[in-house]
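**Q** One letter stands for each residue in the lines below.
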Amino acid sequence: MNDQAQLLPGTLDLLILRAVSLGPLHGYGILLRIGQISGNALLIEQGALYPGLFRLVRQGLLKASWGTSENNRRAKFYELTAAGRKRLQQETDNWNRLANAIGAALTAQPEEV
Amino acid sequence: MSIRAYLRSLSSKFFRGSQTAADMDNELQSHIQLRADDLERSGLTRAEAERRARIEFGGRDRYREECNQQLGGNFLETTLHDIRYGARVLRKSPGFTFVAIATLALAIGANALVFGVLNALILRPLNVPQADSLYGIEHGINGYESYPNYLDLRDRNRTFEQLAAFTIDEVGLDTGKDPMRAWTYEVTGNYFDALGIQPYLGRVIHASDEHGTDSAPCIVLSHAFWHSHFHDDPSVVGRTVQLNRHPFTIVGVTPPEFQGTLLFFTPDMFVPIVDHRLLSGEGDLDVRRKDSVFEILGHLKPGVTTAQAVSDLTSIGAFLLATYPKDVPNIPFKVVRPALYGNFIGAGVLAFVSGLTVLAALILLASCANLGSLFAARAADRAREVALRLALGSSRTRILRQLMTEAMLISIAGGSVGLLASIALLRQLSVWQPFPRFPLRIPVSPDSKVYFVALLLALVSGILFGIVPVRQVFRINPYEVVKAGSTRVVGRRLTARDILLVVQIAICAVLVTSSMVAVRGLVRSLHSSFGFQPDHALIVDVPLGMAGYTSDSIPTTQRRLIDLIETISGVESVAITDLPPLNMDGHMSDVFNDATTDLRPANSAATSYVFNVSPKYFEAAGTTLQSGRGFTWHDDQDAPRVAVVNRRLANRLFGSGTNPVDKVFKLRDGTRAQVVGVVEDGKYLNLTEDQKPALFLPLLQSPAGATWMILRSNRDPQQMADAIRNKLHEMDEGLPVSIVTWNKQLEGVLFPMRMATLSLGILGVMGAMLSITGIFGMAAYSVSKRLRELGIRVALGARREEVLRAALGRAVRLLAIGSVAGLVLGILATRVLASIVYQASPRDPLVLAGAIVAMALLGLIATWFPALRALHVEPMLLLREE
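Going line by line, the protein sequences match chains A and B. Oh and the first sequence: position 39 is 39 in the working numbering, straight run, nothing missing. The working numbering runs 1000 ahead of the 1-based position in the second sequence.
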């Protein structure tokens, strides 16, 4: 648990969009997917996912429909809308720019200054 | 965000609210099941797996709420949630809630009360049609005008629709049983028509009724008097009754909403002013020099400004001045609002009410500041909670909204309590009659405007003190707080809030000191020597004039009265005076040494109160005769002029060393009078006066119309009063007497002091409440900010007093500074009080000690809970938690 990183504010939405972009998922599935694609390095309380999901649905970035899970339970599945896909692209670009900048700043050597 | 999606989610929430909720529940439940399935596969039992899944999920209710919020369009729902949550939080800290609500109730109550008075006396016009254009005319030094001048003004002006006038008089009313007194407006014939008042019953008085002196013996009853004395009997119209022994016919009743044209003074009936001679016994209505008219008033013509009216009146004034130079004063005209008798009462009322308004506003402001610091203290306490919520993705607006809801709950609760209290008080005030003899009222019953203003003020102040912690919440950095606890140290510098607190405490101390001085003075004055014994004595006011007696018949009637009353069993002594002492009135006259021949005021030996009294007066009044004798029935017109003086006058006239009995001095008219007795000094006009000289003359040698009987008896006052009334009716059944105990009669003279004591007491309590909340808020805030530091101190072995000093030192220091400043100011302020309160002395050790104890007690109450909290710091718990 101690190896897991705190989530920066606002990054949960990005992770959800990314997880769903790989295929329709129910809420629990999204959590598992995030764990899987991040190498279990991020700490997310399970319930905290849902306000995020509802927010994204309201913003029209996700759409939801009831279906049946792989082990035959009823579950609500989420998938990206067109707007969601566009948003994911934007946010990913933003993040990369930010990460590069922070990374560069943190690795700068004295002689480069 | 796509508008369509938003609207869809909004509409689904709105129209299918319960379905959305069920949907959400299903989804969260399905999540937990899926997780449990996984856990079960890893080898747990189903029950254990579900338990673990639920724990891992976290607070389901909270997430559901947050999801709900994400769906939008749930303002009402969120508000309801906030209210529920707020009420729960407030219930958990009853002390805080109580203090906050009480403070606000006090502040809002005070403001509603003051606004109620302001509304009734200043904002609300007289209850007559088109009150906006109604003005009174002010001319002369006290607002009075002579009747002939009124007639000229009425007939010559071009700016008023009609000018009416009235004056006030008290009459004796005899309806065949139970003669009584009644207060009248003597009105001009056009009074009702000028005001546009229609009768409720019968008719009103019209100009056509007037045909010269005493020509219109008719009465219009006020609705209230008709209701209380004629039991709403419509057949009274046309009935003939006696006013001052003259037959008058009741012609009508005014509508209930019309209560005369003076706010303070509601008459029992209206009678024509042309009957002035019959009603007052004064036949000089037509004398231009005599100011018989109390107030002139009328509607301005449409489009006429007050300035035009004044110039119109001024030109008439110039004409009058030129025509009657000896009889008309050269004083400018003014037009004024008639309801408060223009500037004479109105200006004072306006100043008083404005002062009260400012005071109430200050109280409200101080309350808001105090509540603000209380809320800041709470916000600091809840920094962890807020930080957690922020960290979990809650928005700051959402949290502020929650805090605001709590503030609003408090403000609405406090506002309602305050408003209810003020309504009760205003109702009381409306029916209160400070002087039983006069129909003086303060008509301040509250209306919807008062409710509206009170609630508005409550909401505004809720926002004001709710806003104080906003900056604090915005500054919270969730990571820092959750990691390290709140670490901001309390500043050492003096803040505006500190200064405000010191000022509040100082004002509170002034009020506490002054009210104690006032209470002490009141107690002392009740036990001081008046120069007479009000216990076991009755005062009987026998208005012989109202019953038609004239100066010829009054002296013999007075003698008969005494003889008659003496026959009642249980009467120890009875006497007549033209004025009892301490009756809010005093007749003064110059007296001269016997050797003085030039009787100018400058040469007088003393200016003395004069009382014309019957034999046995000193016995009946309980005034000690120090030497000589009192009066007898032989001291009449044929006997040498005699007088009784008080010790003070004796000393003034003859020096303190000599025996004044048998010495002679001169009265104002030059008559020589021989001193036959000396009585103790006393109080004559009011309790705070310096010792004044007083002179008593025998009634038979200086007759007086006013007849007050003083009667000493150990019998039950009520029984005695009945016996007296029966006896007097035997003699004359039309005498409208009033009988009260002397102590009751003295309430008038004690009134200003009682009022001063009461208002100081109320203000003192308010000041104390404010100071308590102020100190409490500040102490609570500093304790909760430094809880961690205190914990460390305790862990390092600090003793209790050291902890207390660290926690509360600042609050106590502010309290001490404020109290000392207040005590000093209070001592200075009592000089002002000395004019109202008997022997107000700040150097009274009891007052000083009382004030100090009161302030200490106040500090103790205010710091009690914060101190307990500081002392009960559990270092281990605290350090672990943070």
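In short, the hints are calculated from the structure, not lab data. For glycine and all other residues, C-beta sits at the position ideal for the given N, C-alpha and C. Do not rely on the hints blindly, as some may be mistaken.
[To be verified] When the alpha-carbon atoms are kept at most 20 Å apart in a straight line, the in silico DMTMM-like pairs for lysine to aspartate or glutamate are as follows: (1) LYS76(A) / ASP1023(B); (2) LYS76(A) / ASP1327(B); (3) LYS76(A) / ASP1132(B); (4) LYS63(A) / ASP1025(B); (5) LYS76(A) / ASP1038(B); (6) LYS1301(B) / ASP1132(B); (7) LYS1290(B) / GLU1257(B); (8) LYS63(A) / ASP1132(B); (9) LYS63(A) / GLU111(A); (10) LYS63(A) / ASP1037(B).
[Said to hold, decoys possible] Partner residues are not named here, just some residues of chain A that face chain B (Cβ under 8 Å, in silico): (11) GLY39; (12) ALA41; (13) GLU45; (14) ARG74; (15) LYS76.
**Q** Now tell me if each hint is right for this structure.
**A** Okay, the hints, checked on the actual structure:
1. With a C-alpha separation of about 9 Å, the suggested pair LYS76(A) and ASP1023(B) falls inside the 20 Å cut-off, and the hint holds.
2. Straight-line distance between C-alpha atoms of LYS76(A) and ASP1327(B) comes to about 102 Å, which puts the hinted pair past the 20 Å bound.
3. With a C-alpha separation of about 71 Å, the suggested pairing of LYS76(A) with ASP1132(B) is violated against the 20 Å cut-off.
4. Restraint check for LYS63(A) and ASP1025(B): the C-alpha separation of about 18 Å stays at or below 20 Å, so the hint holds.
5. At most 20 Å may separate the alpha-carbon atoms for a hinted pair to count; LYS76(A) and ASP1038(B) meet this at roughly 18 Å.
6. Straight-line distance between C-alpha atoms of LYS1301(B) and ASP1132(B) comes to about 12 Å, which keeps the hinted pair within the 20 Å bound.
7. This hinted pair does not check out: LYS1290(B) and GLU1257(B) have alpha carbons roughly 33 Å apart, beyond 20 Å.
8. In summary, the hint linking LYS63(A) to ASP1132(B) is not supported, as the alpha carbons are separated by about 67 Å, beyond the 20 Å threshold.
9. Between LYS63(A) and GLU111(A), the direct Cα distance comes to roughly 51 Å. Violation of the 20 Å bound is thereby established for this hinted pair.
10. Our distance criterion of 20 Å between C-alpha atoms is broken by LYS63(A) and ASP1037(B), whose separation comes to about 26 Å.
11. With 8 Å as the threshold, the beta carbon of GLY39(A) stays out of range of chain B, its nearest partner Cβ sitting at about 18 Å, so the hint is violated.
12. Violation of the interface hint for ALA41(A) is found here, the shortest Cβ-Cβ separation to chain B being roughly 18 Å, above the 8 Å cut-off.
13. The beta carbon of GLU45(A) is positioned within 8 Å of a beta carbon in chain B (closest approach about 5 Å), and the interface hint is therefore held.
14. Residue-level restraint check for ARG74(A) holds (minimum Cβ-Cβ distance to chain B is 6 Å; threshold 8 Å).
15. At its closest, the beta carbon of LYS76(A) sits 5 Å from a beta carbon of chain B; the interface hint therefore holds under the 8 Å criterion.
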